[in-house]
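Engineer: These are the residues of each chain, in order.
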Amino acid sequence: MAPRKDQALVFEVKGNSLDDGPGIRTVVFFKGCPLSCTWCHNPESKKAVPEIRFDREKCIGCGSCVGVCPEHALVRGRPGFIDRGRCTLCAACTEECPSTALSLVGTPLSLEGLVRKIEPDIPFFAASGGGITLSGGEPTLWLDFASELLRWAKARGIGTLVETCGLFPLQRFMECLYPHTDAVYFDLKLFDAREHEKHCGVENGRILENFAFLSRRCAADGKVLLPRVPLVPGITATKANLSAIARFLTGLGATRVDLLPYNPLWLSKMESLGNGIPFEGRGELKEWMPLSLVEECKGFFPGFDLG
Amino acid sequence: MAKIDLANQATHLALKTMALLFSHVPGLRRHLRSDDGWINFSLRLMTENGAVDQVITFRDGRVSVAGGPANADLQIVCRDTAVLKDLATLPPNDVLNLLLKNRMTVRGNLAYAQLFNFFISLVVKNQQIRKMRKQAADLRALSSTGAPSRVPAPRSRAVKNLKAPSRDPGVLFIRDDPYLSRYSLNDFPRLKRFLDIHFTVKPVICHERPLLLTGWFRENGFEQKKDGTPWIPELRQGHAFKHLMENRTPLIRKGDLLAGTTTTSEIGVVLYPDSHGTMIWGELLTAPFRHLFPYDISAESIEVLHHSVFPFWIRRNFRERVRDAHSSPLCQSLDERFAVYFLWKTAALSHTILDYPRLLRLGTSGIIREVREELARDREADEVKKATLEAVILCYEGLAAYAANLSRQARRDAANEGDAARRAELLHLSAICSKVPENPCTTLDEAVNAIWIHWIGVHMENTNAGFSLGRMDQWLQPFFASDLEKISGREEREAYIRHAVELVGCFFMRCTDHLPLIPDIGNYLFGGSSSDQAITLGGVTPEGEDAVNDMTYVFLKVTEMLKIRDPNINARYNREKNSDTYLRRLCEVNVNSTSTPSIHNDTVVMGSLDEFGYPPEHLRDWAATGCVEPTLSGRHIGHTNCMMFNMVAALEMAMFNGRHPLMRWDVGPKTGDIDRGAFPAFEDFYKAFCDQLLFLMDNACEYNRLLGEAHSVLRPTPFISGLIEGCVDKGRDTTRGGALHNSSGTACIGLADVTDSLMAIKKLVYEEKKVTLPEMKRAMETNFAGNPLLHSLVLNKVPLFGSGKAEAVDMANRVTGFVHDRFLEHTNFRGGKYTAGFWSMSNHVAFGTLTGALPSGRLAGRPFTPGLTPEAHASKNLLDNIRDVSMLDHRHMNNNIAFNVKVVPSAKESHEEAVDHVFSYAKAYCDLGGMQMQFNVVSSDTLRDAMARPGEYRDLMVRISGYNAYFVTLNRDLQLELIERAEFGV
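Going down the list, the sequences are from chains S and A. The numbering used here puts the first residue of the first sequence at 1, with every later residue one more than the last. The numbering used here puts the first residue of the second sequence at 1, with every later residue one more than the last.
In isolation and in its complexed conformation, chain A is listed as follows (with noise of 0.2 Å):
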């Protein structure tokens, strides 16, 4: 009791300490003060016992702390008092893993716990910083201990090129050599400077979007007009985006082809607080030295962000604005205990394709005479429609002023430059955006130019995260062959082919400018993804016939010398269509970089879709968006990836009654007490499951509504709106369901988890009765610590999902067919309906710290398997697991798969022989009906030895689930679940 008493009186102390501090100390007091006047909130800090239990308050300058029980903005539940001293102690990005293990939980404005955290940095910043400093060396030693004895030589990069065996029928202009082969980075310098700025530079946060936006809101008001109106939030958005484009600087990185960048630096972090921005207030004075991705960022910018911008946002932002007008939901709640599903849209839309064809058609000036015709032909219109037009026009004049811009920064530079050959490429630089985007493009050099200075638009307005860039190899092709006509001589062709590499490297080097932002927290949870911008591929065309063209193998030829991570290459492979010479240099391209392009069997893909009677012609132009998920180019919006979904909780709430461990919470239906009898037949345990499941589905799909709602009115997207089919006849915001299709995607994660483990109960439980659910439960509950026996029955007894045993591949069917019908129920904030996906980003290493032990054998904490890829345990059969997966039912995954392949090619195999080998792979399993595959291309012990000696690997590229990543730059949770993933010789 006295201890208890103790720690009380230690809080209000330390607190108290904190209150004098910044009440008196100047330096301090005046962090309490914004452009809006004062802070003021208040903040409860208590144990879940209530021993201690303290409210500090901030109110117009002063700060004053007193016992609870009080009402306040924010609560910080601990579990006991020793979280309450590491809370005190550690480095805020540690604080935000106290979070994520559910060892305390925060209810209220999450923006006050950043603010807060940045005020307990102020005060501690230094000591903060020295421990970060040491974890991040403790790591580095813990991983060089890692390295295997007798390592090879790091694989020689020289990169090997086969000769193409036929020629495409697209192919028109690169006929004697469409594999390029005789290309290497050699021979681009340009594109090797980018390259080494892309592994060496280290981004910044840049706060320019948000102080440009924040400053107009504040000017022009947010809610209402300075008049006392309301505002139509499309129409605010509009002039807001204007003011943005106009006013942004304008420019051209040193020696590119394209002009424009999406921040003021090399490398930068572009900053939305009207989403997730603020998640990085605490972290503001130590993000340079965290050990994963560390950000710099200048003191004017902490300045700027946190007296300027942040105080603005704290309820105004997508998570907030559901709090606040549904009173803290518990499907907010369960999303913000991380173990059961993780909501994308409180951080981006996104997700989607835009219709560039029409860009580079008409031309900013094009699209808004059309939306002017549309605005004077529907008398109708009501005042939404006119306000979403009105919205449209002003975005895309503010696009149009801000090429005007690059186009008289590039003259600037032109007259600044001494090389006479880079001023020459600035002039054409300052002609090309004098051009476009505003009028329609005529050759290759404008059409990537105006989608580039497009695509800028697109992130000023456009959370970073997963908008894809579609069909370019399609949509280029036109530019790529009316320049190539006009050009006969030999040499001038080859040169202009040679340019056409170089101009697309440049915009591949472009996309990597700049980078999510990513609060620590976020590191564990989505590690090493960059902004996956993806592009797609081949295929057919909307009239059905092979895509494959010239401008295929220029984007291959790219991704094979660069080996960036982003843009996200992927391939449709058409089995009926598409050559096998293009699969084969899929193949090569995937053996060469080590992990892209993913690929796709395109029939499959869209057969999945067959349920939504999409007109044909759409469905052909089907592009793969964020990681791999359809999206209909330039007509859905289709939010792919709007949830990370942990199919497994729902096995874990079903074996404890509706009690999730880890949060120790009794949240889900009681569906039955297994130590009373509960469950006679594996069919009654299986209900369990669903019921869970549904549950959590219910819950995850409500609050994806309601975070729908609060994208319409904080974030509505006339930008994007005005390049997508369907908004402007609706007069419609894409937010608002303007697109002529809609949908929501989710990635339901640890299928082959779900699937063992049922397997292992049904096996074992019910069919051999060889243990008790009981016994089961509390192998669970033991991490099977007692019971070896019954742990090396489930790992080599029970038939798993990749091991070629038919009962388990059905048993996954049944799972994916549950989950797909029961989506398809539910229909989103813009009308539209779920699909399921099979997929995990990184979420399969996040969700699995917060599981225990599962029926499977698998221990608690561990990672779950990528995407819906089988356990390494289940087939030492590579055949197996390939066949098992494309067994799997594609209509019940209309949001694609993520299935992993890790082939080591052996030292004695040519290049010839280990593209033939993947390229043999690829085709049965497409021939077999599989629908999606992705490769890693390396050896464990190159991965091992990455991870001692990460300065000679930087480059080295694998694919998690559905993305690339670096490897040296993962946190060491997944490093080691690459390295540990099945491995097959080829």
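In isolation and in its complexed conformation, chain S is listed as follows (with noise of 0.2 Å):
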């Protein structure tokens, strides 16, 4: 199950996709991050290794898969449904599973194997002015393979994204993905380095010092380079936090910022892959972002293009 050398775990290539950057594109969903932040909006794409996700709304009940599972690690009336001790990620439940309320989250997939479900989409791309975005998880822990493909792209004339949270090595990503992308989506979560430490795992120096270089050589090759900011009610959604970024950013010369305002579909993401909830009790998370948050919010970027 884990990739080959000359592979990447990917869990998701999604067509059509009109809000990963201009036109029509279809995204790369690498799988793994460094990062592991609390409200992550794909939890699924945080481990760098496959899972099994049960989706209990979509269970029928037939019982097909318990019949079929060598490991005798589906149990009727476990909560989750799943001993993930036992599972070996074989997959034969979720072969056999008719309502697709068992699923394998990451496959491995080669270059050759990724090209082939992209290139059906090369029309929509020409017609759109679009192109492919690799995103994640995080395609940087995938830099070799993710180079190839942003070479494959660029040598079709297609267009090419990528969609980061900042933390990588510099010196690589400058070799291998930056000469071959188009864009930089680039996230900034929070910026104090403590807060940034509790809720996402790590400290954000590096994502900084990053972002800093990114802008001035961005600036300077006429890429495009947009930090982006997740609004996560009460964590990165706060004053302090927004207005230090605003600063951050106004200081870099930076003129657009894109705010994504929260969502709580990940919520039973969680509970599909066995993963307890974190913020019981924070009821405001368990709710769409109400729009007059999200106006409160752009207050906070005065002067910046907010798209």
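The hints are simulated quantities; they were obtained by calculation from the structure and are not laboratory data. Some hints here could point you the wrong way.
What the hints assert, rightly or not - Computed Cβ-Cβ distance ranges for the label pairs, DEER-style:
#, chain 1, residue 1, chain 2, residue 2, range
1, S, 70, A, 575, 48 to 58 Å
2, A, 575, S, 86, 52 to 62 Å
3, A, 876, S, 110, 45 to 55 Å
4, S, 221, A, 876, 28 to 38 Å
5, S, 70, A, 781, 29 to 39 Å
6, A, 889, S, 129, 54 to 64 Å
7, S, 76, A, 782, 20 to 30 Å
8, A, 873, S, 70, 27 to 37 Å
9, A, 542, S, 224, 46 to 56 Å
10, S, 228, A, 859, 37 to 47 Å
11, A, 160, S, 86, 57 to 67 Å
12, S, 129, A, 543, 53 to 63 Å
Quick reminder that beta carbons are idealized off the backbone N, C-alpha and C, glycines included.
Two independent chains are provided; combine them into the complex using the hints.
Structural biologist: Listed below in structure tokens is the structure:
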């Protein structure tokens, strides 16, 4: 199940995306991330290994899966259904499941295999000025693979874009990805180092340095660098944090920033992966972010183009 | 036993009561008499098991009841006594639904069923109306419960406009702003007024046409002349048409720039008792109260229609002519059970496009002159040719007479007009009508009026069902150009362009002045469809050059401002010749209007017609007819909507050894009993499916042929024959194959449902052996009730059409290939071939309600997908849908397709981005070789809100499958189908 040297672990190739860069795009979601943000909207992307997902809503209770599991890891009545201690990720159950309630998240793909999935979308890139977007998880965890993918795209005149959490080895990034991407969408989550460590698992010094460096290079090279801030009520969407980010960006001469309003769709994903849900009792995190709060957050970025 | 006896007794008593009432109450008895004398007929009412069997006889003003069996003009056979009870208590619109659902079948002359319904209605009208009002109220209450809790306020209707990024070479006069972005509806108060009328005025059934025609026929004979010699039908129709045109009321709508109306009302329902007009007989008293598309009708019209019109036509209509002449053939019985096919030819031939350039060039006087020359030239001409050409002349004399009446009326109106500006307009109109259409046109005002006046004539002769206007941007551009060349001042030019927009706007609104007559059963079969007068824009000229011109953009501007369902706007996009600027504008109009125009990939549509070897310059002059179907303008009778054909029925019949489950009729060939081990391999099953298809196709084509003959006898159409190339030379009416090119076009419904079902059987039964064929059959019989595992498997583990899996596309191509090839083997009455189309009007909903559960997992009674649109759950990715549809072999789809895409602009998206995205889909789809595409740019939330608050959404237009309709006027099933369609963000 582990990817070979020439493979990457990909959990989704999503066509017809209109929100991840210009035009019609196909987004490659790599699996694994060096950060561990508590609110992560793609919790299935965090671990750099395949996982089995169980979606209780879809299950029709037919029991087809129970019999095919060689490890007897599927137990009716068990919270979460899957005994993940026993599961060896053989995926026999996901193949058998008629309702897609059980599914395998993360497939090792070779460049060739991935390209086969992208190629049918090329006419739509051409018509829309779109292309591919590398996202995740964190694409920079798969630098060599991602580099080849970007070069494949560039050789065909396909637009390229990398979305990143910002925590990557700068020199390798500049060698492998930077020359082959038209744009970098760069997440800035929390400006305070302690807060960042508390909520994202690591300090943010390297991330801010990387951003500062890229902002100079991109300006010089005519590439797009778009900082993006996820708005998480009570965590990132605070006056102190947003104002600090705004000051940091102003200092670098940035004029554009994308604010990503919070939505609670990740909570059900957490459960389906057998994970507990943080923030129990934080009611506001179970709701869509109210528009008024989004507007308030925008107010902390005076003079910025907010899209 | 006693209970059954009781039912028979009760039926006897009920009929006896009716007999007594009609024999003795003068107010009722007078309805037994028509202008031709007593209406005599008998009706037998029975149950399938024969336990109830009664006959009521109306003869010479007396009514009697006796026990059956006996021969009768009409037999009504109820499935059981419960149906019988419903029959007695339901309002007439619901009685028709008993028929639709096959709970009741009718054998014999359907007009008598309608007449009998009318008699019942006379007695219990008040109860019926009360019930209908309650139904309507209940439905409204039901709709409002489906509203979402958090509905965004209705999306701002403020139309935004882009500027054209470049100019097309054919755009000569509006070069600074080809998109005409500076105009909005607010600049045209006249059009705003007309729009308000369109959305608020209730249509009225108009008896003028049938009364004038019936009067003439009664006077001069129909089958024979008064002297006893037979009429040549063409000549009879020519005389009658002239009489009609000379005597119909010349009306000019208040404030209009065009003279003439289709009926005597602001919005009128045209009656064609020679086709399906008597279908409304039973609803005459209740039509104003029905929930869907109520019609008003005056007391006078009820009297006129019942006494003076309908009785004359009881046997003189297309259906009954076939029934009488061919002893109720099987092919007709199948049609009248509604579940396997529906032949539009029972109501209309229409669906064609005339040679309007010829009318504009010659005028009626020039047309008459050329016909006379042909008569003088051809000394060998047979009687039919002479009669046909004489009839053409009579028709065009009639049209000229009508225009002269309009001219006089305009002058009279001017004399009574207080407003000076309007008085000038009326005098201008009077001058126009005194010149055209009799003489050649020289200005845009004249050309548009000439076409409109002719268009009225078209609908006096032909049923208003899908008759189409063709390439109006091409045909009007020379007049626009020559008018403008005479104007030099900048402001004057600007004023003229504004006038041209307003004039075309008036033309659009004129086209809404008439509606087809739809008995309530039709509201379920063809919900919300208007007359579908297609206009086609863009593409290439007959010489193959870029045809986009100033008028193309004028028409698009009007389309965008008015957002009305009819005329149905179609746009040809020729990848080789037309610009991105033009395509982008088509997409912008779709975004702003929510659903029009439909976009055709020009070279692909033309390529689909390759096999007919049409001359290239004829082919390049194609335009859409009715919904989307290609017709070669001015020389082609393609009756492109001759039938709605349910392919899914063949699949059901293959599963049930020739039996149709809803009809409970073992009617198809015995292709194999699944419970006795039939079909060891998938190919065996596939062959059975094909055999059932072929059985239905053979019958549908046979009925179409018989109806074609009925048209030629009952209602030849010399008026339109005068503007269809070939008819005058051959001396043959269009109904007899006079046109240069002839064909018949089918609409084959349920491609996605059939493909997915075949894939489910192939994969799960034969390849993976996860289920047996008998199990699958059982699941169909039980609606998957006892087998959720199988239901889940077919929904999730089968490669579906639209999911991006090549094998499903291969299967779809295999089905379309078979259907196309076999239809092509049939020849119609006019000597033409059949084409295969894959669009559905709204019949995907109607046929769906008459179909059980399918191997695809679609449950009983649910709609099929519209046109050939993939199932909503086939893929979350619109690109999969687009690619799969584009990979269908266009050579199998020579009557075009309808591919629906519902897209929803997100709140944060700019107008420009929304247009860009729609443009990209359309462009890529065409690049990939897709054929036709139509958008609904609206969210399901908005549609749900519209169900709950119809008052705020009267103009919310949606595309059904090939045609547009107002969402709030649709039947509930169709509304829900639209909401459930796959929705993709843009």
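Engineer: Each hint should be assessed against the structure and marked as holding or not.
Structural biologist: Hints, verified against the model:
1. S/70 <-> A/575: 48 to 58 Å: Given about 55 Å between the Cβ atoms, the range holds.
2. A/575 <-> S/86: 52 to 62 Å: holds, 58 Å
3. A/876 <-> S/110: 45 to 55 Å: violated, 25 Å
4. S/221 <-> A/876: 28 to 38 Å: holds, 36 Å
5. S/70 <-> A/781: 29 to 39 Å: holds, 37 Å
6. A/889 <-> S/129: 54 to 64 Å: violated, 30 Å
7. S/76 <-> A/782: 20 to 30 Å: holds, 26 Å
8. A/873 <-> S/70: 27 to 37 Å: holds, 31 Å
9. A/542 <-> S/224: 46 to 56 Å: Given range 46 to 56 Å: holds, Cβ gap about 48 Å.
10. S/228 <-> A/859: 37 to 47 Å: For residue 228 of chain S and residue 859 of chain A the Cβ distance comes to about 44 Å; the hint holds.
11. A/160 <-> S/86: 57 to 67 Å: holds, 59 Å
12. S/129 <-> A/543: 53 to 63 Å: violated, 34 Å
Comparing the model with each numbered hint stated earlier shows that hints 3, 6 and 12 do not hold.
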